[in-house]
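Residue numbers (this note's numbering), protein chains in the order written: chain A, 1 to 196; chain B, 1 to 196.
Hints may be right or wrong, so weigh each one.
Since the list can't tell identical chains apart, any single copy or any two copies may satisfy a pair.
Below, in silico cross-link-like pairs of lysine to any residue (SDA-like), each with a Cα-Cα straight-line distance of 20 Å or less [said to hold, decoys possible]:
1) K178 to L131
2) K52 to A28
3) K178 to A132
4) K178 to A2
5) K52 to P121
6) K178 to S142
7) K178 to V62
8) K52 to V8
Everything labelled a hint here was simulated from the structure, so no lab data went into it.
Protein chains: 2
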Amino acid sequence: MARVAADVRRAELVQAAIRVATREGLAATTTRRIAQELGISVGIVHYCFRSKEELLHEVIRVITEAQIVAAREAIVPGADLASSVRNAFLGFWQLVEATPEAQLLTYELTSWALRNAETEPLAREQRASQLAGIVEILAEVSSATGARWSLPTEQLARMTLAITDGVTLGWLVDRDTKSAVQALEAFADQLLASAL
Amino acid sequence: MARVAADVRRAELVQAAIRVATREGLAATTTRRIAQELGISVGIVHYCFRSKEELLHEVIRVITEAQIVAAREAIVPGADLASSVRNAFLGFWQLVEATPEAQLLTYELTSWALRNAETEPLAREQRASQLAGIVEILAEVSSATGARWSLPTEQLARMTLAITDGVTLGWLVDRDTKSAVQALEAFADQLLASAL
DNA sequence: AAGAGTCTTGGACGCTTGACCTGGAAGACG
DNA sequence: CGTCTTCCAGGTCAAGCGTCCAAGACTCTT
């Protein structure tokens, strides 16, 4: 196999782990399976990471960061309030529909992280940055359209995240796209009603 | 050990599995751990169930049924619309706060069920009965107070389930009770606004 | 009392898992 | 050119997993 610097290998292993976990589930994501995904030997996993757990920590960090970037890029300047909010929800929804297994993976990772005390902060951190991203979007929408929110953006962000998480989770189970979009639009309307 | 009829043992094993999975997570719920919980030998698990998977199927069914029963009992007759809706949300929230690990378990079970094709219908079925329970509650609230919903109850039920799931999931991570209740109340108000 | 049927035990099975280790190859550097 | 760090392959290890089985113990019927 090609000789690769350790920190590059680390990144490769993280991406391989994400691919495997997305495709086959977190439970099936073993060190051997990850190594096989890269066509390298299992030993490298423990050469680059102290443990499998450390690798999964890194997986959560990388996914969280990717989500923040995606959220920032979703902000489209120069539209009125209603369009901005609707576009934000629709843009989010396109991501969900395009990568359902990836969404499921984030729930699996969250569940896993919540189950032992030392990884719990990672889940907390991920949620915090999700909320921060939404707050930022809400602020940009507000400043771009000149409108103001009647509730604190932190609270609106929590509500928005609850909605997107809840709708996504439900859709992952019943795959009823029409109803999911309908629900998102209804929530978007209610969100708009809380703008002054 | 006490000699117990096979169908009684089945029920005991299901309850033991639920206790272990609630307390220690689905990944830690092994056949040995379940048997240990009852103080019996491992062989009994496969005397009563064809496989561990069949046991987990039963676990999902039992939990789903318990949730429906709990939802029906949450309906308190003889109150006005606003109180009914608020009480429903608050009643739900008390359950979440009292049994956080149990809520986490349902997410773990859903993730697990979604990951292979043959158990997927179980997740679907669970969601369907959750929705049916909420539809029923909405209908009873409506008939008890004489008010009507401006949207189809199926759609309102989906939105309600999305909200409760999303808020719960978020609270499991950050444990910010005040914000969670605040969000639920805001959603309850919006729900009330869609009543005629 | 004897037998049949039902439940239980404890261990064994084959397999997978995360972790680790040793020996050697590839490249950097003097 | 030789040395020395960095990276890789393959195998080994103990632990734990789901599953299965033979044999015993209990209970009920006859």
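Structure-based check of all given hints:
| no. | hint | result |
| --- | --- | --- |
| 1 | K178 to L131 | between (26 Å within a copy, 16 Å between copies) |
| 2 | K52 to A28 | both (13 Å within a copy, 17 Å between copies) |
| 3 | K178 to A132 | between (29 Å within a copy, 18 Å between copies) |
| 4 | K178 to A2 | neither (47 Å within a copy, 54 Å between copies) |
| 5 | K52 to P121 | within (18 Å within a copy, 32 Å between copies) |
| 6 | K178 to S142 | neither (29 Å within a copy, 26 Å between copies) |
| 7 | K178 to V62 | neither (31 Å within a copy, 30 Å between copies) |
| 8 | K52 to V8 | within (17 Å within a copy, 40 Å between copies) |
Comparing the model with each numbered hint stated earlier shows that hints 4, 6, 7 do not hold.
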